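Undergrad: For the protein sequence lines, the chains are R and D, in the order given.
So the first sequence is numbered by this note's numbering: it starts at 23 and just counts up by one.
So the second sequence is numbered by this note's numbering: it starts at 9 and just counts up by one.
One should not assume that every hint holds.
Stated by the list, open to error - With a cut-off of at most 25 Å between alpha-carbon atoms, the simulated BS3-like pairs for lysine-lysine come out as follows: (1) K309/D / K114/R; (2) K413/D / K308/R; (3) K114/R / K308/R.
Hints are computed from structural coordinates only; laboratory data are not their basis.
None of the values given here were measured: they were computed from a predicted structure.
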Amino acid sequence: MDSIIIAQMAVSGALMGLVYALIAYGFQLTYSTSKSINFGQGELVMLSAFFSLTLLNWGVPYWLMVPGGLLFGVLLGLVVERAGVRLALEQKSEGWILLTIIIGLLGFSAAENIWGRDDRPFPTPISSDALQVFGVSITPLEISVALGVFTVMGLIELFKRKTLLGKAFEAVSADRDAAELMGISATRTIMLSYGLSGLVAAMAGILISPITTVGPTMASALILKAFSVAVVAGLDSGFGVVVIGIFLGALESLTSYYLGSGWREAPGLILLILALAVRPNGVFGKASIRKV
Amino acid sequence: MLKRLLLIRGAELIALMLLAIIPLAVNNSYALGLLTLLAIYGILLIGLDVTVGYLGQVNLAHAAFLGLGAYAAGLSVSLLGFGMLSALATSLVAGLIFGGLLAFPALRLEGPQFALATLSFSALSTTVLNEWEVLTGGAQGLQVSRPIFFGHTVNAQGFYWLCLILLALVWMAMRNLLSSQWGRAFEALRDSPIATDAMGVGTYRHKVAGFALGSALGGLAGGLYAFNFQYLQPQSFVYELMVILLLGVVLGGRKSLWGAFFGASLIALLPNLLSNRLLFEVISALGLLVALAAGVRGLMKKTTRPFQAIAPIIAMGLLVVGGMLVANTEDWRKAIFALMLFSVVVGLPDGLMGFAARFLTRLFRIDPPALPPPALLDAVLPARHTDGKPLLDLQDLKRYFGGVKAVDGISMTISSGQVHGLIGPNGSGKSTAVNVISGLYAPTAGEMLLQGKPLPKGSLFKVARFGIARTFQNLQLFGELSALDNVMVAMKGVYRSTLPLVLLGFARGEEKRAQAEALALLELVGLKRQARVRARDLTYGAQRFLEIARALARKPELLILDEPAAGLAHPDVSNLLEIIRRIHQRGITIILIEHHMDVVSELCDVVTVLDGGKVIAKGTPDEVKRDPKVIEAYLGTAAGSAA
Chain R
23 MDSIIIAQMA VSGALMGLVY ALIAYGFQLT YSTSKSINFG QGELVMLSAF FSLTLLNWGV
83 PYWLMVPGGL LFGVLLGLVV ERAGVRLALE QKSEGWILLT IIIGLLGFSA AENIWGRDDR
143 PFPTPISSDA LQVFGVSITP LEISVALGVF TVMGLIELFK RKTLLGKAFE AVSADRDAAE
203 LMGISATRTI MLSYGLSGLV AAMAGILISP ITTVGPTMAS ALILKAFSVA VVAGLDSGFG
263 VVVIGIFLGA LESLTSYYLG SGWREAPGLI LLILALAVRP NGVFGKASIR KV
Chain D
9 MLKRLLLIRG AELIALMLLA IIPLAVNNSY ALGLLTLLAI YGILLIGLDV TVGYLGQVNL
69 AHAAFLGLGA YAAGLSVSLL GFGMLSALAT SLVAGLIFGG LLAFPALRLE GPQFALATLS
129 FSALSTTVLN EWEVLTGGAQ GLQVSRPIFF GHTVNAQGFY WLCLILLALV WMAMRNLLSS
189 QWGRAFEALR DSPIATDAMG VGTYRHKVAG FALGSALGGL AGGLYAFNFQ YLQPQSFVYE
249 LMVILLLGVV LGGRKSLWGA FFGASLIALL PNLLSNRLLF EVISALGLLV ALAAGVRGLM
309 KKTTRPFQAI APIIAMGLLV VGGMLVANTE DWRKAIFALM LFSVVVGLPD GLMGFAARFL
369 TRLFRIDPPA LPPPALLDAV LPARHTDGKP LLDLQDLKRY FGGVKAVDGI SMTISSGQVH
429 GLIGPNGSGK STAVNVISGL YAPTAGEMLL QGKPLPKGSL FKVARFGIAR TFQNLQLFGE
489 LSALDNVMVA MKGVYRSTLP LVLLGFARGE EKRAQAEALA LLELVGLKRQ ARVRARDLTY
549 GAQRFLEIAR ALARKPELLI LDEPAAGLAH PDVSNLLEII RRIHQRGITI ILIEHHMDVV
609 SELCDVVTVL DGGKVIAKGT PDEVKRDPKV IEAYLGTAAG SAA
């Protein structure tokens, strides 16, 4: 009996963990091109989810809402890049940390006032009737989360490898200066990476909202976990974020079962600090050599 | 000099007196509450400025330290029956310990990772304060009673004066600290952690110390906060407060005590500013006007980028328009903070105080404090007796990067008093070799002996302390520091005062001595007149010479010059030759890595030639130039050139 509860907890936690992995993947996209990440990424997830909910309330069918919500995410990503990141990168400063936090706060405040402070349900056509697999119940909704995460990550990886634009992306990630000398605009590539990162955030919002409901506070809850996943896995390993995301999701769900839901954030935060102390490049990351 | 002292100290004294007598003149408990909060936030922001301004890191944990200090003070009274002073000491120590604990894992981190570590710490401490209900009362909150102070109960007015006295003490102690070697070291490690280690200053210890100290002030402010409000809740110390604190520091002006004070006044007044509609409209309109004026001026003079001029105008415009549209400005509090902070970070990165300080120094014609006369060079760098015995001995030194054998078994001896040239084609392993010697990389295999003693491996800091100083091929100056400070920060054998003495202001004597010695070294490289110029504003050639002066401040046995002539114009190359000759005359042994063969022939007693990570020739410059293996390495084989 007990082992079934543990398995149940671990499986539902792991499926949630895939969403953390997806948001963490969004950090990787921008980190690879510009060595910067959006500290307000949680707000992008939340704002895109609210926008998608509004589309649904206007009577837009679910499957048309999805591209609409994703487009909104892309736009937000581009705004963050233009307003918060580009200037700091041009000045080779770390000002983007503060600026992306500020833009996130602006988004948070806007959401609080436009959509209210309460959590709201997010309707979905996908069934949440449980299926029994080896005694563990899984809903089609949870399976759709996993499918959605892998589809988006797979498509973006395919885009990076198979298209010319994607190869430009890889080139800037590998060596920005060399790519510029080859006529690739680093600025545009960084814009592209922020757009994609916004898209990924919107997808995460659309996938997770039917399970968790939508509310302004979802931003801070999600971003801390996504940070943990990204840092523990390393900021350059797409495979790593999936593994660590699953692990952390399961760990978190078990923690909240045994210690109480107030402690659910704790393991991720402790892992993050430990990872930074012991392996700053992450478990799956490559060590970098100091150069002078 | 006297004028400077009078004006600056006078302004501080007048401000303190004014603040102290306001409660006697105005009998208003609301105003008294605001003043108390101002003093508490003042201490808090001075602490935050150490990490944000001096260490240059985005610190998102300061609100958490405020909370931890507050709970520590409150619990020490309710559980242990502490009095006021011991409770405040507890809060200070709580900040110091937690800050130190966080700094240890965070010590290797830069920028975003550091921000992430502090953010997680902050969230973690909120979780603990919320969930450890037995101790903290959880979300219900904790009642705190104001403890007795030497047997007396303290009323609101007395408590305000206590806060003010503490603010004044913190102010003086931090002024002493930040204008000493410690403050310089903080700024140095912000600009170049590698050079800070290579100059024997110690990035790690200063970073931990700076962060722990800033956090301790956060904890102390927390103790005062607890006894001021007498009721604590974990929700008070979350993210939103952190953003407000950052707004205070950035708007007031980084690296400035006055800036922290102005920032504190602003954030103490913020709630009033938001609740009074008219006041809000006036302030936002003023903000827009300032943004417009500064933006237009910046664009006309071309001192700012278009984005820096236009973005604050848009943000302030949003604030004005939004202020007219929304029903209740308090609901939009966070958005208002965000817009204000955005405009300041983008448009006024030096803050109000940075701007005001420049304006006031011009208005009152305040000169920078006078410099002492330079010390005698013989006192700074006494001429060494050289005996030509082996100084540095490398035995079969190897350094591999994965499969790349950058240094593949180098054995060589550097004799004391010589200028030893190290040459070779690009990629021959010269730079890697000196990086291994100076401790940037640990060797894969091999031994290094300095005067017969094994050299520490893989630590720039330890090697620097062992008596080896170096310059960098890609300059690693402390850009924001003046030329003088760049040399002073590396100065060996001057700073002996312990931290408490520095805080009390007893380190001024050694400060003067360090200045005099640094000036002598700047004179040696011909930069005495530019002593006050920021390093990043110097010409390229002057920057190269400054690196040499800074390395000499280590008073080294062995000086490693890594391509000092790279990129120098011709007149500067002759200056460089002259400088190196003068250093050589003082008996300092030099390893010179160089591409210019004329520089090598001119200066070097012995030359070692590397190729493919191995030594292919050694001898006098003339012998080496005729060596067929060397010619082959540089020009290719005869067969190759014939084909």
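Undergrad: None of the hints should be skipped; say for each whether it holds.
TA: Quick rundown of the hints versus the structure:
Proposed proximity of K309/D and K114/R is supported: the alpha carbons are some 23 Å apart, at most 25 Å. Among the hinted pairs, K413/D with K308/R is consistent with the structure: their alpha-carbon atoms are about 20 Å apart, no more than 25 Å. A hinted pair counts as satisfied when its Cα atoms are at most 25 Å apart, and K114/R with K308/R qualifies at roughly 23 Å.
The structure is consistent with each of the numbered hints, conforming to all of them.
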